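Visitor: Each chain, written out:
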Amino acid sequence: MTKFTRRTMLKIGGAAATLPLIGSRAFAQKDKVRAAFVLIGTPDDNGWNFGHDQGRLAMIEAIGADKVETTVVTNVAEGPDSERVFRELAQQGHDIIYATSFGFGDYAHKVAKQFPEVKFEWATGNSTAPNLSLYNAKFHEGRAVIGTVAGMMTKTNIGAYIGSFPIPEVRMGINAFQIAARKVNPDFVTKVVYVDSWFDPAKEADAARALIDQGVDVITQHTDGPAALQVAEERGIVGGFGQGADMSAFAPNAHLTAIIDNWAPHYTKSVQSVLDGTWAESSVWDGIASGEVMIGDYNAKVPADVVAAADAVKNAIADGSLHPFAGPISDNQGTVRVEEGDIIDDGEFWGVDWYAEGVEA
Amino acid sequence: MSVELMIAIFITLVGASTPILLAALGELVVEKSGVLNLGVEGMMLTGAVVGFAVTYNTGSPWLGILAAGFAGAAASLIFGFLTLSLSSNQVATGLALTIFGTGFSALFGQPYTGKPLQLFKSIFPVELATHPFLKVIFGYSPLVYFSLFMVFAVWWFLQKTRAGLILRAVGESDLSAHSIGYSVIGVRYAAVAFGGAMAGIGGVCFPLLLTPQWVERLTSGRGWIALALVVFAAWRPFRLLAGAYLFGLIATMELYAKAAGGPFRIIPSEVWASLPYLATILVLVLISLRRDGSASAPACLGRPFVPSN
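Protein chains in written order, with the numbering used here: chain R, 1 to 361; chain Z, 1001 to 1309.
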């Protein structure tokens, strides 16, 4: 029996310490990738987290279960708790860790610095590092499509938008919705209510009640579940839209169409690049054109001319002939923010702190 | 503000308050018996998921409510066994019950996620329930009327019945109650089971009254508000009712004010969000100013009872 003395332990430790040096070159091309997905909620929310999990499953399908092994950590709060989760996953030897919520960013960055050989990807984030990439989807492109539907179908000319937090991405979703709706209906206004949470179904439902009581007849939301749609169904208003996934099961009459997140192409590309050893720091922001943002089926009650108009917007965004934020755009205080012929480009997008004309927020 | 809008706000606030009111009423009785059960959130989630499952499978919200009550009671009896029979620490065990309930409901609820449910409709004729003015009286889910009945029932039980007197005696002085022959542990078991049943029914209000779906952590922390409300109400049922509706009013006004726009928008949402806490602090200060002790916690609250014979 080998005796473990301090000396032998040191020897073993010394030998082990050199392993990563050899390993990183010898195994640049991997046989199997271990990927971890850190979710703020659970895959069964029928929204944001569901979308990421569907992307993960499609990615496994595409890459092959023999080449990728995934870990999913659910219900991770955006705070110091998430740092612990990232560190744990990195220590367990995951090759790539997907942080799928904005609030994970600072903690992912911190852990990425400590584990330079582990790759991180931060969804909806805003800063990269050598081993931390960003990926996001241009949901606002989808919101321009549903804004068109809302503008044409409303009878009261008041739409509603239940937001989570007034961050640029949510704001720009509201702007995209309102700008597109006003193109087809010059009287359209959007009432905004923030619920200060990504996930509180009861509060989302009460917010929907508050909005409908004040004359809203089309409602959309930037939170993670179908609560607002269910209230729309119950009250029998014109309708609402699925967010992140098709939610028609919850509101067969009120569900007009949905913006569907499709993360499958990105996750497949990303994991494949880890397998090939070609993964590099990057910032990916795809939309309708690449299939990352999709529009769901239309409810039978949506008239053919509305479907045609919405599809025209979708196709024009896909082929690049229409930009959701092409000028002229005024804000709701009357100031011109984007001149005729200009657009809000991807860089400016993240600094927007105003609302488009007709937004009541 | 139009009368119709005020009615709408009132109806929404009653809905938002009801699950908290039910859970808090149960906890009030538990605390009156001298037991502190911090597992309200877990029991609510347990009731919510079991009630959802039964309603979904049987099509009967009544059976769902019954099952939610039993499920909440079953969860609380685990807590009861640990704290009353084994004298474990009530605070730690209650927190463990919340964690257990959260995990259990997530596991048990797996097959029900993404399944829509119907809201529990009014029991009154549609004409009454949707009449512009009469709906203030008739326009609620049966769960709302049940919660109001229970406020009265709990008050009547605690103040007017012999059993209620014994329960309060057990909470104020377990040794005295024990020495004159009452079963302290038995009374506390009954109170804990009742508290669990009420929390379970409070939980099932989420899918049956507020948002007809099951998702993990559906209650979003409202069990903790229920706990705070018991203190806010100084262990009195009617003050609990007022407190629950006040909390509901603040939460609902925030949403209506944001939707209304105009002058309401001047008040930042952070102010709205902090109002319940400011109100709690104010009430606690007012209670502490009253020196007669009429509004203080039951003397034996949270203390394990171990008969020393």
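These are computed hints drawn from the structure, not numbers from a lab.
Check before you lean on any hint, since a few could be wrong.
[As the list claims (entries may be wrong)] Cut-off 30 Å, straight-line C-alpha distance, at most; resulting in silico cross-link-like pairs (DSSO-like, lysine-lysine):
id, chain 1, residue 1, chain 2, residue 2
1, Z, Lys-1135, R, Lys-155
2, R, Lys-269, R, Lys-183
3, Z, Lys-1121, R, Lys-301
4, R, Lys-301, Z, Lys-1160
Just so it is clear, the structure is predicted and the values come from calculations on it, not from any experiment.
Visitor: Indicate, hint by hint, whether the structure satisfies it.
Guide: Here's how the hints hold up against the structure:
1. Z:Lys-1135 with R:Lys-155: 25 Å, holds
2. R:Lys-269 with R:Lys-183: 36 Å, violated
3. Z:Lys-1121 with R:Lys-301: Holds, at about 26 Å.
4. R:Lys-301 with Z:Lys-1160: At roughly 59 Å apart (the allowed maximum being 30 Å), Lys-1160 (chain Z) and Lys-301 (chain R) break the hint.
Consistency note: the structure conflicts with the earlier hints numbered 2 and 4.
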